[in-house]
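Below are the chains, spelled out letter by letter.
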Amino acid sequence: MKKQHYIKSDQDRPEDFSEDLKKICGSDDPFIIPEHYFTDLPYRIQKKISTNNEVKNKHHGYGKYIIYGTVAAALVILFVFAVLIPARTEKEVKANTGNTYDNIIVEYLSDKIDENTLIEMSSDNLSLVDREKIPDIAPADDHSPANNTEITDIQFDTSVNNEDIIEYFLSENIDPEIL
Amino acid sequence: MQPVQDKDLLTLLRNENSRSQGFNMLVVKYQEKVYRMTRRIVISHEDTDDVVQNVFIKIWHHIEDFREDSKLSTWIYRIAVNESLALLKSRKLLNFIPFFSVEKKLSESLTDDNYFRADEISLKLQQSILSLPTRQRMVFNMRYYDGLSFEEISSILNTSKSALKTSYHFAVQKIKKKLSED
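Residue numbers (my numbering), protein chains in the order written: chain E, 1 to 179; chain Y, 1 to 182.
Keep in mind that the hints were calculated from the coordinates and are not lab data. Watch out, some of these pointers could steer you wrong.
PhoX-like mimics (lysine-lysine), calculated; alpha carbons at most 25 Å apart, straight line [claimed, not checked]: (1) 29(Y) x 71(Y); (2) 176(Y) x 22(E); (3) 47(E) x 33(Y); (4) 48(E) x 29(Y); (5) 161(Y) x 22(E); (6) 33(Y) x 161(Y); (7) 71(Y) x 7(Y); (8) 22(E) x 177(Y); (9) 178(Y) x 22(E); (10) 33(Y) x 23(E); (11) 71(Y) x 33(Y); (12) 178(Y) x 105(Y); (13) 7(Y) x 58(Y); (14) 48(E) x 33(Y); (15) 174(Y) x 23(E); (16) 29(Y) x 7(Y); (17) 48(E) x 89(Y); (18) 29(Y) x 58(Y); (19) 89(Y) x 33(Y); (20) 124(Y) x 105(Y); (21) 33(Y) x 22(E); (22) 124(Y) x 92(Y); (23) 124(Y) x 23(E); (24) 56(E) x 58(Y); (25) 124(Y) x 174(Y); (26) 177(Y) x 105(Y); (27) 23(E) x 178(Y); (28) 178(Y) x 124(Y); (29) 7(Y) x 33(Y); (30) 48(E) x 58(Y); (31) 174(Y) x 22(E).
In isolation and in its complexed conformation, chain E is listed as follows (with noise of 0.2 Å):
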């Protein structure tokens, strides 16, 4: 069943449902204005919207210098990083490569190394003073003849021969013509 509505449609409602009730409270505004309100409120809305605008664009400067100084900051640390430290760290393997070839050309030529030693120092780049700070790899006590030990032949078990190693694979079912 359809429903009944109250209000059928708009053609049924009437435009103004508060005649009655403007007959009995009337309809003049019971809020009072300021006298002289509308004087300068033009003027004060002006003044606001310059105002806002003046600190706007006050904020609006801080905000360039905040920008500015945020790309120095960054162009000085780029500067550092990608000039300065590099620079220095040149400098002083220069500084320190410079130094060992002084020391091993001293070392010869004071007769404490010989020619050979020469060629293979400055080749490693090492003076005397510098082999002697680099600790020996090895333990001290480590030379027993096990760790001495090297391979110069590989032995075979000779004790073996062709009946075993038939009947290894009889024993273990294995087909020689496949290996």
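Got chain E sorted already, so can you dock chain Y onto it with the hints?
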């Protein structure tokens, strides 16, 4: 003196050289209507003053966005309604007032308001209006006091005309009932 036409106002506002002049003329033309509409929603004069200023500042900044899909007055009233509701919402949030109590607080503030003068029946009418839900209250005020057509109210509140008529009808019924109870 002939009131300036909205079309002329818009022409002035869209020209950089005449923008300030056009804006002043717009404020003079609409300030009272915006004030009264806002005042009926937020009640106190001080709050109304804040809202009215914000409304016109918004108009100044966004006049370029007005595409003349509706009348200029409708666009201005819509901004006024939105700003007023935003203020009520902020009051509610700031003071931890439940939504249904905002109107109650406003109703209580009526009697203390220096800028409110009404006889007994008018005060009762205002208190009855403030007992309505916010949307119904706005529809009632726009129709009853501002004399706006349902079509215009529909554009301002973005609601269908038939829904507004129903809303207005129920608002009147509730007010009548409330007045008869008192």
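*Which hint numbers doesn't this structure obey?*
Result: no hint breaks.
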